[in-house]
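2 protein chains.
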Amino acid sequence: MPKHSNTLEKLLAAHARKIDQLLQSTIAERAGGDTPKRLCDAMNYAATNGGKRLRPFLVSQTAAMLGRQDQGVLMAGAALECIHSYSLVHDDLPAMDNDDLRRGKPTTHKAYDEATAILVGDALQTLGFELLSDEIIHVDPAKRLILIQELAKASGAAGMVGGQLLDLAAEGRFDGARPVQSEPSIRAMQAMKTGALLRFACVAGAELADASPHDIDTMRQFGEIIGLAFQLADDILDRTGSAASLGKSAGKDEAAGKATLVDFLGLEQAKVHLDKQVKAAHAILDGYGSDADILKQTASFIAHRLS
Amino acid sequence: MPKHSNTLEKLLAAHARKIDQLLQSTIAERAGGDTPKRLCDAMNYAATNGGKRLRPFLVSQTAAMLGRQDQGVLMAGAALECIHSYSLVHDDLPAMDNDDLRRGKPTTHKAYDEATAILVGDALQTLGFELLSDEIIHVDPAKRLILIQELAKASGAAGMVGGQLLDLAAEGRFDGARPVQSEPSIRAMQAMKTGALLRFACVAGAELADASPHDIDTMRQFGEIIGLAFQLADDILDRTGSAASLGKSAGKDEAAGKATLVDFLGLEQAKVHLDKQVKAAHAILDGYGSDADILKQTASFIAHRLS
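Each protein sequence line maps, in turn, to chains A and B.
So for the first sequence, my numbering puts the first residue at 4; every next one is plus one.
So for the second sequence, my numbering puts the first residue at 4; every next one is plus one.
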């Protein structure tokens, strides 16, 4: 079974550099002469903040496994990263998670100010949808519209944004009422908040490569499972990780009075579950032979990152 | 020259009811079972707040003048209103304009809370792009993509969002530095902040009706001019209107230390300019005969609303 390796980390780093460069050049080009410099600078700051670019990497590797590798695939990944970045900027705001640091650097509202951060998030979301509508993404307009629709569902009220509100609700933030938390309710929140974009990344890669309905469905399942693994790994790290390795404060969920999956499963059982999910993710890709090696390693990386 | 009349106000009110109903049903349908009720409720609160729905009305009337009148046109208007509504919710936030009231009702962050308001704005933006990608908008996918691209340009960093940042900069909000204001700099800010969406409304109506490039260009010019008139009327109202008739605090720009066009033109000259703009807007539509009557009345309404 492919474990993630130094080779994978090198591939990830090289790909992240490409995405960063593409985001920088795209923000500058799309801004046009009228966009205030402060807004461009802050969008760049927020969008190129040293992330691993895992979601664009999944888009690229899925498309590559299914036969497409070009600038359009990278651009679709950049579009997805705009959406992910906007959500981080808004989630960090004082009225939301109130984080001063993100990956060891001041969050956008700390480096600039709250009003600028709100506008940066708004503009990055717009840019994400604008980029997906570009003809470089796919020659067939109908295919671009499928991606726009899927991304809207994954990131909007029924996906990422709805999940963030459920997460805040679990902290008892609204009217002091804290909803009863259970393993299913936590899984449902996580599936919306982080799972939906990871699944979209895999589906988008398959759509971009004009994959068959069967392959698209397989990648949807793969995306679903690595989403679960990503979230479970996060909860395990929140319990065991140091702030340095986590890139954010460990024990934060506990401090906020939020239950995590580890509370329901126990730490050992959570690790067993995680291993099962990685095996399931690998098994789903068995039909693709060695073409699936990098995606399998990526699944392992997601489960064992920073731990 | 058609002045706006009781008939126009009745048309506007009937159209606004249709848009409100469409927004309510669409928010409920698109949300799906997973969207938290609080988010749906707050999106409804923010999106159906008693506005005149001027932008969707312009979409509908432009499309009607050029030969299309159906549910798809209304849906495109609803999509545009989602974008307009999201911008109002975010602009009202404490870190932005810090407004407690909007059209006499508590702003979204007052009726709910800041975190919910941020997420409501985010989800309404997503919904706007999702709705434009729907096949009800236009049978040709390429046409839907044109609308998505135009809306992204009009509303993003090079349009509405960039304009809002310039407006905050004019208040000296960033690093205490207040940029020198001039008539051209105010016009440029206004063209981005409010002009771009009004122009988009007219262009979108023409695109939806499969208008000729000439007609689309004519409607772009019409939209440009009514955008100028809208902004000039706003500045005149800020100087002369009461808080009640304005629906917000009069004299707010002066209090914020912001110059307006009235400062550069003087009140009388500003009114002369406004009349000229209305005449120019009417003249642009002369080739369409009586089919253009409602749009001409709308231009008059925009210039003389609430005054």
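The set of hints was computed from the structure by calculation and includes no laboratory data.
Treat the hints with caution; some may be incorrect.
Since the list gives no way to pick one copy over another, a pair counts as held whenever it fits inside one copy or between any two copies.
To be verified - In silico DSBU-like pairs for lysine-lysine, Cα to Cα no more than 35 angstroms straight-line: (1) K108 with K261; (2) K156 with K274; (3) K274 with K40; (4) K40 with K261; (5) K282 with K113; (6) K282 with K146.
As the structure is a computational prediction, the values presented were derived from the model and not from experiment.
Quick rundown of the hints versus the structure:
Within a single copy, K108 and K261 get their C-alpha atoms as close as 25 angstroms, and across copies as close as 34 angstroms, so both meet the 35 angstroms cut-off. For the identical chains of this complex, K156 and K274 are intra-copy neighbours only, at 31 angstroms inside a copy versus 46 angstroms across copies, given an alpha-carbon limit of 35 angstroms. With identical chains, the CA atoms of K274 and K40 are at most 35 angstroms apart between copies only, with a shortest distance of 33 angstroms across copies and 47 angstroms within one. Taking the shortest alpha-carbon separations for K40 and K261, only the inter-copy value of 20 angstroms comes in at or below 35 angstroms, while the best intra-copy value is 40 angstroms.
In the homo-oligomer, the alpha carbons of K282 and K113 never lie at most 35 angstroms apart, since the shortest distance is 41 angstroms inside one protomer and 48 angstroms across protomers. In the homo-oligomer, the alpha carbons of K282 and K146 lie at most 35 angstroms apart inside one protomer (32 angstroms), although the nearest pairing across protomers, at 44 angstroms, exceeds that limit.
Checked against the numbered hints given earlier, the structure breaks only hint 5 and satisfies all the rest.
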